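**Q** The primary structure of each chain is shown beneath.
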Amino acid sequence: MAPQQPLVNLSPAELSFLRSTLAQSPPIRLDVTKGPRDFRSMRAEYDVLPAANGSARIALEDGTEALVGVKAEVERSRPRPTLGEQEEVATAAGGAADESRGKGQNSWVEMSVEVPGFREDDALPVFLASMLTESLLASGELKDRLYINTRFHWKLYVDILLLSPPLSYPLALLSMTTHLALLTTHLPALKSEKDEDPLFDDDWAAAVPLYPNRADANKTAPQLGKPPVIILAMAVGSNIIFDPAKEELAVADAVLAVACTNSTSSSTGARIVSIRTIDPPSHLTPPGVPNSINSATGGTVPTSSADALTQRELLANSGVWTPPRGGMKRGLVSQITKMVVESGGVAEEVIGALAAIEVG
Amino acid sequence: MAMNTDRRRNNAPSGGTGAPVFARTIREPEYLENLRPSRSRGPNELRRIFLQTSIIPSASGSAYLEIPSSSPATSSTLIPPTSSLKITASIQGPKPLPRSAPFSPTLLLTTTVKFAPFATRHRRGYIRDSAERDLGVHLETALRGVIIGERWPKSGVDVVVTILEGDEDGWWGDSTSEGSATGSGWGLLNVLAGCITVASAAITDAGIDCVDVVCGGVAAITRNTESRQDKELARVLDPCPAEHKEVVAACVVGYLASRDEITEIWMKGDVGSDPDGLVEGATHAAVGSLAVVKEVLLEALQTKFQGQLEGNEGGLKRKAQDVEMTG
Numbered sequence: 001m002a003p004q005q006p007l008v009n010l011s012p013a014e015l016s017f018l019r020s021t022l023a024q025s026p027p028i029r030l031d032v033t034k035g036p037r038d039f040r041s042m043r044a045e046y047d048v049l050p051a052a053n054g055s056a057r058i059a060l061e062d063g064t065e066a067l068v069g070v071k072a073e074v075e076r077s078r079p080r081p082t083l084g085e086q087e088e089v090a091t092a093a094g095g096a097a098d099e100s101r102g103k104g105q106n107s108w109v110e111m112s113v114e115v116p117g118f119r120e121d122d123a124l125p126v127f128l129a130s131m132l133t134e135s136l137l138a139s140g141e142l143k144d145r146l147y148i149n150t151r152f153h154w155k156l157y158v159d160i161l162l163l164s165p166p167l168s169y170p171l172a173l174l175s176m177t178t179h180l181a182l183l184t185t186h187l188p189a190l191k192s193e194k195d196e197d198p199l200f201d202d203d204w205a206a207a208v209p210l211y212p213n214r215a216d217a218n219k220t221a222p223q224l225g226k227p228p229v230i231i232l233a234m235a236v237g238s239n240i241i242f243d244p245a246k247e248e249l250a251v252a253d254a255v256l257a258v259a260c261t262n263s264t265s266s267s268t269g270a271r272i273v274s275i276r277t278i279d280p281p282s283h284l285t286p287p288g289v290p291n292s293i294n295s296a297t298g299g300t301v302p303t304s305s306a307d308a309l310t311q312r313e314l315l316a317n318s319g320v321w322t323p324p325r326g327g328m329k330r331g332l333v334s335q336i337t338k339m340v341v342e343s344g345g346v347a348e349e350v351i352g353a354l355a356a357i358e359v360g
Numbered sequence: 001m002a003m004n005t006d007r008r009r010n011n012a013p014s015g016g017t018g019a020p021v022f023a024r025t026i027r028e029p030e031y032l033e034n035l036r037p038s039r040s041r042g043p044n045e046l047r048r049i050f051l052q053t054s055i056i057p058s059a060s061g062s063a064y065l066e067i068p069s070s071s072p073a074t075s076s077t078l079i080p081p082t083s084s085l086k087i088t089a090s091i092q093g094p095k096p097l098p099r100s101a102p103f104s105p106t107l108l109l110t111t112t113v114k115f116a117p118f119a120t121r122h123r124r125g126y127i128r129d130s131a132e133r134d135l136g137v138h139l140e141t142a143l144r145g146v147i148i149g150e151r152w153p154k155s156g157v158d159v160v161v162t163i164l165e166g167d168e169d170g171w172w173g174d175s176t177s178e179g180s181a182t183g184s185g186w187g188l189l190n191v192l193a194g195c196i197t198v199a200s201a202a203i204t205d206a207g208i209d210c211v212d213v214v215c216g217g218v219a220a221i222t223r224n225t226e227s228r229q230d231k232e233l234a235r236v237l238d239p240c241p242a243e244h245k246e247v248v249a250a251c252v253v254g255y256l257a258s259r260d261e262i263t264e265i266w267m268k269g270d271v272g273s274d275p276d277g278l279v280e281g282a283t284h285a286a287v288g289s290l291a292v293v294k295e296v297l298l299e300a301l302q303t304k305f306q307g308q309l310e311g312n313e314g315g316l317k318r319k320a321q322d323v324e325m326t327g
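Quick note, the sequences are listed as chains E and Y, same order. Going by this note's numbering, the first sequence opens with residue 1, and the numbers climb by one from there. Going by this note's numbering, the second sequence opens with residue 1, and the numbers climb by one from there.
A portion of the hints provided could be inaccurate.
Only some residues are given here: those of chain E computed to face chain Y with a beta carbon under 7 Å [to be verified]: (1) V8; (2) L10; (3) S11; (4) E14; (5) F127; (6) S334; (7) Q335; (8) T337.
I should point out that these hints are in silico values taken from the structure, not numbers from a laboratory. Just so it is clear, the structure is predicted and the values come from calculations on it, not from any experiment. Positions of the beta carbon are idealized from the N, C-alpha and C atoms, including for glycine.
All chains, please: the whole structure from these sequences, using the hints.
**A** Given below as structure tokens:
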């Protein structure tokens, strides 16, 4: 395999400097105007693609830009063998919400991620697509919403396009764009009943939103949460920094992606649908050579490789850059998740900000 | 996805084959429910683990892990009630990078996770699909923090993990009738935990410098529909997805016990606002498998040194004889 290109070209001295500024209290970020919980500013718009059921575009200030289109198609469900008596005939009189519950299948949502410079089966697009898919499907509400009747269902295609090269780790950007696109997705209103061949209202104004707004939702429709957003957090020393830039990621001790959606039980706070660790690129950075073992700066070169190893191990805290080892402490994981989901936490802020885009 | 279709072989239909539906299950639906396996272990009890290192002589390190099926086979049906987990891992390297490769200051780690075509109920193709690639990324994340990569500049190591039998996502009876269990991916978490444990044992067998032995463990929150107080959630360690009708959330961790650190978390499902309990359960499961790994590595070391000791003695004798003959 061809070795991965390091994300940034920083020397060991620069890495060491960056790390010590981020690890001090309070941390000084690369963009000094931002605090540890501040996100980069962005420009967002929705309904940009006229041929899609829902779409959105978000551009970050560093030039990264993503475009998401959501399309829905009616598809014939595969007939499944029914075991036992045909009980469904008797119970079909129940509410429409009850009828579709638990009938959805994970294969009804298909997601594709395209990142320029990567093949579609490379590690990065595959990882991004599976994280986005599993957070979308975690609650099971979305796939039940795609159920039409016993013979037909909606198939939802979510196509995610990163328009710029991946300047920083694009997971958070892609998930926010997907969130906005799904919020604005509308499906044509169904006119046929029960197990008839589906017939739809051709008036686009009558289309129903995929994620109905809480305020104008009628009582019979099932209450849905918002689509999930993924929040990227990194740890440097004891500091936790959200939405890290590319250079900041290069000195991270650990990186965590937390996918969460708004909580259905209370109006504040959020709930987690998925967590993944991301391999920090700092593991691939070159270690620095201290002056004491560099003959060019007046040091003495170690005589044997074993001697060099011991010398290297001794300078763990000397400020000379060494790539971080090991993982993250368990307490740090719970600290990050708490900062994300708590009432007034980062997740609530992000979901609220994205909802404001739709209204405004 | 034109790239991913396999055009070189005559492949079986992609749909796969379903489990046969017998006339008796149509006539009496409760018969099928009789066959449903249930968890006979305690909620904090793990399945038994078999682990062996140095099984592939040509690789620099290798290991084999097996978690046998926990439910006893019934005589009334031919279909096993639960699946078992069988994974092999082999390590190639550390070896020098090819001349054409650019300079790398650290050891380049490549992880390949592949299901054997016969590993699951649905046949897997010869080309890796997205789930397998995703597992590969997870395994790489779990191992990258453990290996001290800066000691091998300009070299690479390949970790090749083959899954001979994978855990299923749910009980086979559910997957034909409801269909909601298909593709839920709960079995993948168990597979990943096994991959982390077996790859870690193989890396130790290969003698690559590590900060600790990383071990995988799984915990899950299941909804117990059998008991009358319905909607009761219970946390179980090392869940076998076939034994639980509904899994709400699950978490796998790669855990470094002596440093109390986590290199890999993969949590999914409706976790709620407090994931700490789930992470803690998964680390407990990881500590359980660490006990097995430690024993096995110690045993392998003892047999290795014993063999070396005997080999040395034999060599001395032969040398002495040689001296006699030449002298």
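**Q** Measuring from the C-beta of E:S334 to each C-beta in chain Y, is the shortest one below 7 Å?
**A** Hint holds; E:S334 Cβ to chain Y Cβ min 5 Å, cut 7 Å.
**Q** Hey, does the E:S11 contact hint survive, CB to chain Y under 7 Å?
**A** Violated - the Cβ of E:S11 stays beyond 7 Å from chain Y, reaching only about 12 Å at its closest.
**Q** A closest beta-carbon separation below 7 Å is what the hint needs, so does E:V8 meet it against chain Y?
**A** violated (14 Å)
**Q** Is the shortest C-beta separation between E:E14 and chain Y less than 7 Å?
**A** Where the cut-off is 7 Å and the nearest Cβ of chain Y is about 15 Å from E:E14, the hint is violated.
**Q** Next item in the hint list is E:L10. Is there a CB on chain Y closer than 7 Å to its CB?
**A** Constraint on E:L10 not satisfied, violated at 13 Å.
**Q** E:T337 was flagged as interface toward chain Y. Is the shortest Cβ-Cβ separation under 7 Å?
**A** Where the cut-off is 7 Å and the nearest Cβ of chain Y is about 6 Å from E:T337, the hint holds.
**Q** Per the CB criterion, is E:F127 less than 7 Å away from chain Y?
**A** Holds. Min distance 5 Å.
**Q** Hint E:Q335 vs chain Y: min CB-CB distance below 7 Å?
**A** Nearest chain Y Cβ about 10 Å off; hint violated.
In terms of the numbered hints stated before, the structure departs from hints 1, 2, 3, 4, 7, listed from lowest to highest.
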